[in-house]
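Residue numbers (our numbering), protein chains in the order written: chain H, 1 to 159; chain R, 1 to 167.
Hints in this document: simulated from the structure, not taken from any laboratory. Don't take every hint at face value.
[Claimed, not checked] With a cut-off of at most 27 Å between alpha-carbon atoms, the simulated DSS-like pairs for lysine-lysine come out as follows: (1) H/Lys119 / H/Lys153; (2) H/Lys119 / H/Lys60; (3) H/Lys137 / H/Lys153; (4) H/Lys152 / R/Lys123; (5) H/Lys21 / H/Lys57; (6) H/Lys153 / R/Lys123.
The model shown is predicted, which means the values in this text are computed figures rather than measured ones.
This is what each chain is made of:
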Amino acid sequence: MSASSDESFVLEVLAALEQTKLEALVVGSVAAVLQGSPVTTQDLDLLVRDTPANRRKIEKLGQCLGARPRQISSLTNVLRIDAASAPVDLLFDRLPGDLSFESLRSRSIAIELAGRTAKVASLEDVILSKEAAGRPKDHAQLPILRDTLRLKKALLEKS
Amino acid sequence: MSPDDRVRLRHMADTIKLAARPPRCLREAEPRFQAFPGAASSACATVSSTPTSRLTWTAREARVRHVGGNSSWISIRRGFATPSMVRHALVPTLEYNLCMAQQVSAHAEISRGATLDALTAAKLRLQPLFPDMDPGDLDLILTSLLRPFGSGRRFFLREVRPGVRVF
Numbered sequence: 001m002s003a004s005s006d007e008s009f010v011l012e013v014l015a016a017l018e019q020t021k022l023e024a025l026v027v028g029s030v031a032a033v034l035q036g037s038p039v040t041t042q043d044l045d046l047l048v049r050d051t052p053a054n055r056r057k058i059e060k061l062g063q064c065l066g067a068r069p070r071q072i073s074s075l076t077n078v079l080r081i082d083a084a085s086a087p088v089d090l091l092f093d094r095l096p097g098d099l100s101f102e103s104l105r106s107r108s109i110a111i112e113l114a115g116r117t118a119k120v121a122s123l124e125d126v127i128l129s130k131e132a133a134g135r136p137k138d139h140a141q142l143p144i145l146r147d148t149l150r151l152k153k154a155l156l157e158k159s
Numbered sequence: 001m002s003p004d005d006r007v008r009l010r011h012m013a014d015t016i017k018l019a020a021r022p023p024r025c026l027r028e029a030e031p032r033f034q035a036f037p038g039a040a041s042s043a044c045a046t047v048s049s050t051p052t053s054r055l056t057w058t059a060r061e062a063r064v065r066h067v068g069g070n071s072s073w074i075s076i077r078r079g080f081a082t083p084s085m086v087r088h089a090l091v092p093t094l095e096y097n098l099c100m101a102q103q104v105s106a107h108a109e110i111s112r113g114a115t116l117d118a119l120t121a122a123k124l125r126l127q128p129l130f131p132d133m134d135p136g137d138l139d140l141i142l143t144s145l146l147r148p149f150g151s152g153r154r155f156f157l158r159e160v161r162p163g164v165r166v167f
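With the rest of the complex left out, here is chain H:
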């Protein structure tokens, strides 16, 4: 098997997270992809706690990925690292749907990827956050995410 550049990029981000010791949850569409959803996305979303220590670690993460974190809009506190393969967005403390970092982490799953561990928001939480976000692109993905969740549960039950 040979990994695609997208898969290699996810591993690169996981390595950078390990190196900087930044505790982050993979959320959004990449979390859904890592759990088997056939969807596409434009960026990799990470949820972190907003602390001074984490802000410093995010600066280091930017150095590892080759770009300085920048605020994408004055309307939001989301930071973006324009990495070579895809932008990495850093979201702080909570996701739409009143999903806090702690609650998401408690339901998150650890996925082993080529020797690295990714902490990934559960597919149920990804669906909840996309329902709450309410953007057209989120609504467009919801049917396929719900079907993926149904089939995943059925596969687990059957096996």
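Add chain R to chain H, keeping to what the hints say.
Relative to chain H, chain R alone:
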């Protein structure tokens, strides 16, 4: 053995010790070139017992003819004799890469076969349980669910120009 022969033998042994070490450019480029335990010692031992009549050999010939271990390394070691033979030393590296590529390809084929088997079995089991689901969607989702990470999947869209995104 005359004193002169002893001096020539010692000189030859020293030359071989130096020659048994790969050139720096190869040591840095390829980790597999970094160490050949016993290469120098086996060559020196051979030279020490070389009959005087064969002292006309060059150090390089002596090392190549008496090098021990796996024969596949012989041509690589021969390449370390002089910098001008570095090109020759790279030939086995290409063979090695080709061999590795074939092994990886064979592994991928086995993995692909296993995934296809699992997919067929899952479809047969799950299709009756989800009569409301479009068969095409079921196929797509199951394929995605059962596809292992690292199998070459693409999922990031890139903006090539404003409003145009591609894989």
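Enumerated hints in conflict with the structure, sorted upward: none
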